[in-house]
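**Student:** Turn these sequences into a full structure, and let the hints steer you where they fit.
So the sequences go chain by chain: A and B. Numbered according to this note's numbering, the first sequence terminates at residue 797, and the numbering increases by one at each position without gaps. Numbered according to this note's numbering, the second sequence terminates at residue 299, and the numbering increases by one at each position without gaps.
Honestly, the hints are just simulated from the structure, not real lab data. Everything numeric in this text was worked out from a predicted model, so none of it was measured. Hints are not guaranteed to be accurate.
[As the list claims (entries may be wrong)] Pairs of lysine-lysine, BS3-like flavour, derived with a Cα cap of 30 angstroms:
| id | chain 1 | residue 1 | chain 2 | residue 2 |
| --- | --- | --- | --- | --- |
| 1 | A | Lys215 | B | Lys151 |
| 2 | A | Lys582 | B | Lys151 |
| 3 | B | Lys233 | A | Lys91 |
| 4 | A | Lys215 | B | Lys255 |
| 5 | A | Lys484 | B | Lys224 |
| 6 | A | Lys582 | B | Lys145 |
[As the list claims (entries may be wrong)] Now the stretches of chain A that chain B is said to cover, found in silico as 3 or more residues with beta-carbon under 8 angstroms:
| id | stretch |
| --- | --- |
| 7 | 572-583 |
| 8 | 757-768 |
Ideal placement from N, C-alpha and C gives every residue a C-beta, glycine not left out.
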Amino acid sequence: MTKKDCIIQRTYKLLQKYRSIIFGVIACVFIFSVFKTSNINVTQNIEVMLPDKGERLTTSYNLLQNTPLAKKTIITVSNDKDMLNEAIDAVAENLENTSAFKNILKGPGSDNALNLLMEGFLILPNIISEKDAEYLHTLTSETTIDSIMSRNLSRLSSPAWLGYKQIIENDPLELYSLFFKKLYSAVSFMDVVVDNGRFKSKDGKYGMIIADSASDSSITDIKNASHIIKSYNKALENNLPEGTEVFMISHASYSVANAKTIIKDLRTIVPISVIILISLFLIFFRNKHSAILLFVPIFAATLSAAIISSLYKDISGIVIGFSSVLLGITVDYAIHVYISVKNAVNSGYGISYGVKNIIKPVFFSAVTSMAAFSALLTSNIEGIRQFALFGIAGITSGLIISLSIIPLVFTDKKICAGSDLPEKSNKQIPAAKATISLCIFAAIIFIFSSKIHINADFKNLGYISDEIRANERKYTEIWGKMRDFTVIFSTGATEASARASNEKATYFLYKNFPALEIVTISNILPSDASQKKSIDLWNSFWHENMITVFSELNKSAEAHGFSENTFNKFKKNIRELKPPILTLDSINEKGFAGITNLFTSNQGKVYMTLLYGDASNDKLVKLEQEVENTTAASFKNFNIELAGIMRDDIIMFCTIALLSIITTLIILFRNAGEVISSLIPAAAGLAGISVVFALFNIEVNLFHIVSLPLIIGLATDYGIFITTESIHEKNTARRGVLLCGATTIAGFGVLILAQHPSLHAIGITVMTGIISAIAAAVVIIPLTVKK
Amino acid sequence: MQLVKSSFLLIKILTVTLLFTAAYTQCYAAKDYETLLSEIEKNVKDIKTVKSFFSEEKHISMLKKPLISEGFFIFEAPDRLRWEYTKPYSSGFTLNETSGTLWDSSQNIHKKYTLQSDPLISGIAKQLILWTSFNRKAIESDYHIKLDGSKILELTPINEATRNIVSKIRLSVSENTDSVDSVEIYEKNGDYMSIKFYNKEFNISYDKAIFE
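**Tutor:** Here is the structure:
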């Protein structure tokens, strides 16, 4: 008996002696962990899954959450009985009667367009530019006045005379055309028109209602989201005109659909998984003691959650959920120890004999898995780093409990270690033979992985039902594209300073992106300085030209048959127009809140301007440099940048994981052939994933990436066990590996049945990777052995 | 054209004036309100085309004299229309299912449009279809209708905002109760418009080109 054997024997003798105490300690640790875990501050914040390589990406993400309409619920109303206005009003009223919505907007805020037009006329002095002032000269020239008066008369003859009459009376010189040009630049972000004070589609078939959540909770909070959906459905139950159809676009729909799908998935998958696991354990062990094996992953997950909660104040729910699932792999260590010790005890040898036979491969398997998880510590994404620590802590605790508790479930009557582990047989694994196999898999990975695309869109991590997709499609058809724009955020310590930044940013965009569409409220709400300048321009113009213009107007009106005092109101307005500087609050009071609310947040300390089309990133960076307090963000650039970081992460992770695992294997085997042979299942697993993903055009997302350590770790474990078995005269490992593979597939592989994309991602990665790895372990490794 | 683009919001008001088009095509004699409306509902189904000349008088306080216009319209159910002023200005529009032409010689405007691109015409078309198909439920949701005497229908807008502009509309049914002779639209401020129809023709085929 070697010195090592003696140590193991003595250790287990001691453990058996204090068995009750050890069980007690483990129970206490478990209870403490459960208690500690129950107090974890779990956040639903997806930000933890954002890279911290640059603050820019996180900032962009946060800002993009505040884009116009991003947090709003948008309801589209139609009515096939020509009662659209009534339908819009009824839906809006019903929504107001619920407790879930506030700030319900069915139009731009003014009762009717005439009011908006009149208010627009009254703010003209604040918003005209030098170019507009020049245009004023043209508008008020003798020829133009005559032409406009003729047009006015023609309009009064037209079928639309009723509407034109009021406009002509208030603004006979069409000065409103200056205002409408500016207003258009603020409302052209969607295909929306205003009809009878209501937002409508260009064809007039649909109405739009925009609503905020009444709750302070996030719209993605599941309780709030459910309340919103229920209230929305309730609002549609009563008093709607016949023929009314309504659909909604809201983050709440996504949240509720996701929660419902996960619950539905778990209701299907958990029973299947449990039935398969119990069946496997019954078939393999036919022993009630084996139930303790299931305790190992539960203990590992709970303890590691407790440990992580000591390191981080807030932990992402995504990280906890995902890590807990992955820590199911710790059952593998317990299975190997259990089988080995059981065989030893049944064969008349002691517990320590069983442990001694398995301790080395189990220990190194755990080390390789830890190495794989450790590689994730290099990630730029905090969530993945939390996940790595969780994995390392879990594997460590799983290993300890597998080696300490599992053997103690057996009663050891014969403490003697008996004969030693058979020495290495003269079987060998030639390095060349193993290398060929490894190279074939490496080539497969190389060829197929180049055909795989990365999808960094966070939206695709969640479940989107057919109904939501159909609504998104309809929404886009009716109202235009939802996300294809860059948003320029201008911030300031005060509303006025944010407005000034927004104006500078808008000027920059007009100058540098002349071909792109710019949507801004800067033209109807300029900076204080610009407004002062505008007012000066306005006053100066009328000071110089009022008498001439009024005289020309009177002359032309007389010639066209207009009554003498018809335009007195207009003249009075011009004479008395001395507007104060406009602020966000004051323009809102004039009925523009419906528009300005979409482009401002935080009481006007954040202004937004939209840039539609393919904007050069270099110019946007220049904008941020040249205009203080501005940030440009777009979903497209965000996804491109995130995909790049994810790609770097995968390469870095795989390289480090590979190096760490190879080092561990070299320490374990000290033989090139055995090291390479152990790596074959991992390579096969990755090759299997590459082939399936490439052939079925599966785009890689974050959940696929974080599933990789599981595949690499487990597959290497299989390699270690089968290689160890192959070079020793033992035949227990293959059974263990098959059982471990089966439990992994039962536990995680069945997630392939899930509808939810994240769960499905784990399922397909595990299923493909593990099946490939097991096949390689049990078929290819034995073929490489030279007898 | 900025005004045309932006004044789509006035469609509803504008389309009130088109009532006479529909009324003309739809109103038939009846002893009382219910009978009259029921008969309109019934008879409108048989009207395929209508052509009528009209003379229009607008008594608007902002003008010294009444504004007198003349013209004609041709309507082919369900969605073709030519509406044309011949005096004092040559202007009008056509609608051929989903597109048409707009013109105004005084402003040198002559352009093609589609219902999607021009909400003003889209609104008119929508209202025309409403009236020509005589969607009584929809009409009654917008107006209180009463019979004044035996030949005049008086419509009062239900919506207060509309009522602030148009106080009432009076449709005068012809002596032999087979069509509408005149329409009067009264504003709250006392301005009003009257339009008289003459030389009416029903169910005659027209070349589709006139709606282009």
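**Student:** Report the numbers of all earlier hints that the structure fails to satisfy, in ascending order.
**Tutor:** Violated hints: 1, 8; rest satisfied.
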